[in-house]
Amino acid sequence: MTLTYSYFPGCSSEATGKAYDISTRAVCDKLDIELKELPDWNCCGSTSYFSIRELESFGVSARNLAIAQEVGGMDLVATCSACYTILAKTNRYFSEDPVLHETINEALEAAGRTYDGNVNVRHILDVIVNDLGCETVAEKVTRRMTKLRVAPYYGCQATRPKGTFDDPEFPTSLDHLLEAVGAEPIYYPVKTKCCGGMLMMTQEDAALRLCHELLKCAQDNGADVIVTTCPLCEMNVEAYQKMVNKAYGTSFNIPVMYFTQLLGYALGVDSKALALQMQIVPVENVLAKVPA
Amino acid sequence: MVELETTQGVKTLHKIFLEDVYSIPGGEKIRLCQQCGTCSGSCPTAYLMDYSPREVIAAFRAGMLDRVLKSNTIWLCTSCYSCTVRCPAGIKVTDIMYELKRLAIKYKSWPSSSKNPAMSKIFIDHVHRFGRSYEAGVIGQFVLTQKPSLAWKFKGLGTKLFLSGRMPLLPKSIKGKDEFHKIIDLLATKEVSQ
Numbered sequence: 001m002t003l004t005y006s007y008f009p010g011c012s013s014e015a016t017g018k019a020y021d022i023s024t025r026a027v028c029d030k031l032d033i034e035l036k037e038l039p040d041w042n043c044c045g046s047t048s049y050f051s052i053r054e055l056e057s058f059g060v061s062a063r064n065l066a067i068a069q070e071v072g073g074m075d076l077v078a079t080c081s082a083c084y085t086i087l088a089k090t091n092r093y094f095s096e097d098p099v100l101h102e103t104i105n106e107a108l109e110a111a112g113r114t115y116d117g118n119v120n121v122r123h124i125l126d127v128i129v130n131d132l133g134c135e136t137v138a139e140k141v142t143r144r145m146t147k148l149r150v151a152p153y154y155g156c157q158a159t160r161p162k163g164t165f166d167d168p169e170f171p172t173s174l175d176h177l178l179e180a181v182g183a184e185p186i187y188y189p190v191k192t193k194c195c196g197g198m199l200m201m202t203q204e205d206a207a208l209r210l211c212h213e214l215l216k217c218a219q220d221n222g223a224d225v226i227v228t229t230c231p232l233c234e235m236n237v238e239a240y241q242k243m244v245n246k247a248y249g250t251s252f253n254i255p256v257m258y259f260t261q262l263l264g265y266a267l268g269v270d271s272k273a274l275a276l277q278m279q280i281v282p283v284e285n286v287l288a289k290v291p292a
Numbered sequence: 001m002v003e004l005e006t007t008q009g010v011k012t013l014h015k016i017f018l019e020d021v022y023s024i025p026g027g028e029k030i031r032l033c034q035q036c037g038t039c040s041g042s043c044p045t046a047y048l049m050d051y052s053p054r055e056v057i058a059a060f061r062a063g064m065l066d067r068v069l070k071s072n073t074i075w076l077c078t079s080c081y082s083c084t085v086r087c088p089a090g091i092k093v094t095d096i097m098y099e100l101k102r103l104a105i106k107y108k109s110w111p112s113s114s115k116n117p118a119m120s121k122i123f124i125d126h127v128h129r130f131g132r133s134y135e136a137g138v139i140g141q142f143v144l145t146q147k148p149s150l151a152w153k154f155k156g157l158g159t160k161l162f163l164s165g166r167m168p169l170l171p172k173s174i175k176g177k178d179e180f181h182k183i184i185d186l187l188a189t190k191e192v193s194q
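Line order of the protein sequences matches chains A and B.
Residue numbers for the first sequence follow this note's numbering, so the first one is 1 and each next one is one higher.
Residue numbers for the second sequence follow this note's numbering, so the first one is 1 and each next one is one higher.
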């Protein structure tokens, strides 16, 4: 049976997080999960927006939810953890707060739309692990990732603040998924620690320190690769390794992949179709470890 | 124009803060803070903050929020929500930080060292123009206008991202910009930070 969802790619899918979008579509295709891209989606409402102009950002966010309702009310799946958190938060506050409900709908009506509050917002990891299930994934694996030691990095906003589909601090769903494809999820106690997020632009010393901790823990515990569930985490942990090295006198060169890229490879998807060539730290050595 | 330099001004700030925090679902739990410090101990950037998250609530109770608005604290919050999930009283500490950000914008009060307000403004301007964020534009404008020193640091990385296809130079726009603006314009009139 095909599982069908509305799909919210998010703005980073058009730039730094392109590989997440490409690999997600490829993986879902293999797993018989149908993603219908939300027509004319806009910015999720974003933390940068939300933290400065709350009401406006609720409206921005709610336009997406209203469109999701118009196209049939299927669950709306986000890949970016920040999009997921903001869309889910708008949804929750919209339902909990009758005044907000009315204000937002008034604004949506000015735009010829309306929203009842009945669309579920989901994270792609949740969908794959809980709707489809690790056993089904395991059955479809054609390249078992044996011998691969993987640091499962969840970041903050896949599970916080609500912990809707996994524990907010000690989640295991990604660990189980990695086991299902034959890889070994390493002990990674910083799995939900912050990467620094947008501070990488505005206060890079603080963000570099957080990334250093994430990279050091992966290295100390013998990770071949770090996998992430969020484009901002991926960018910070992968692309700024040189700057971390400069600041801390280290020599990290740890490959980082979206979990969908690793999953896709295990499912036999061609590396080009997973946009693996887009990674800044080359992943060839990682894939070479996988038995043919 | 609102101001912070008088006793009356500070009292008004306190009142607005409390009203806004109470309007957040579950916001009234701020009364239950017992100053245990779990939030500060969980915060990944507290070590850099003038006032830790626990101290922010203490300052609010002491009627000294004006000092918090002038501090670097709220702009160091990364939205990791560790404080929120760990608070034994169920206080939404992250949401309180957001509220303080909005008040800081309203009062035009932030330390000159903090570039986050400028970053947020550039981000919002881009979303208004295109309906989506356009990373190359946001980062480019931020670096050029706020932190030219980053241009040198990011040169190599920017080139790599461009060459690997991760930094397209042209923005993508949504089709429904008119209706999008109708939503924003209507809500903007009711926004606290205006």
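Derived from the structure by calculation, the hints contain no laboratory data.
Please note that a few of the clues may not be correct.
What the hints assert, rightly or not - Straight line, CA to CA, 25 Å or less: simulated PhoX-like cross-link-like pairs of lysine-lysine: (1) B/K155 - A/K246; (2) A/K246 - B/K29; (3) B/K160 - A/K246; (4) B/K175 - B/K115; (5) B/K190 - B/K147; (6) B/K106 - B/K182; (7) A/K272 - B/K172; (8) B/K177 - A/K18; (9) B/K147 - A/K246; (10) B/K147 - A/K242; (11) A/K18 - B/K155; (12) A/K36 - B/K175; (13) B/K70 - B/K121; (14) B/K115 - A/K162; (15) B/K70 - A/K36; (16) A/K18 - B/K175; (17) A/K18 - B/K70; (18) B/K70 - A/K216; (19) A/K140 - A/K36; (20) A/K242 - B/K106; (21) B/K11 - A/K18; (22) A/K272 - B/K29; (23) A/K242 - B/K153; (24) B/K160 - B/K106; (25) A/K30 - A/K242; (26) B/K11 - A/K242; (27) B/K121 - B/K155; (28) B/K153 - A/K246; (29) B/K29 - B/K121; (30) B/K175 - A/K242; (31) A/K30 - A/K193; (32) A/K216 - B/K121; (33) B/K177 - A/K36; (34) B/K29 - A/K18.
Hint numbers not upheld by this structure, sorted from lowest to highest:
Hints 2, 4, 5, 14, 15, 17, 18, 20, 21, 22, 24, 25, 26, 29, 30, 31, 32 and 34 not satisfied by this model.
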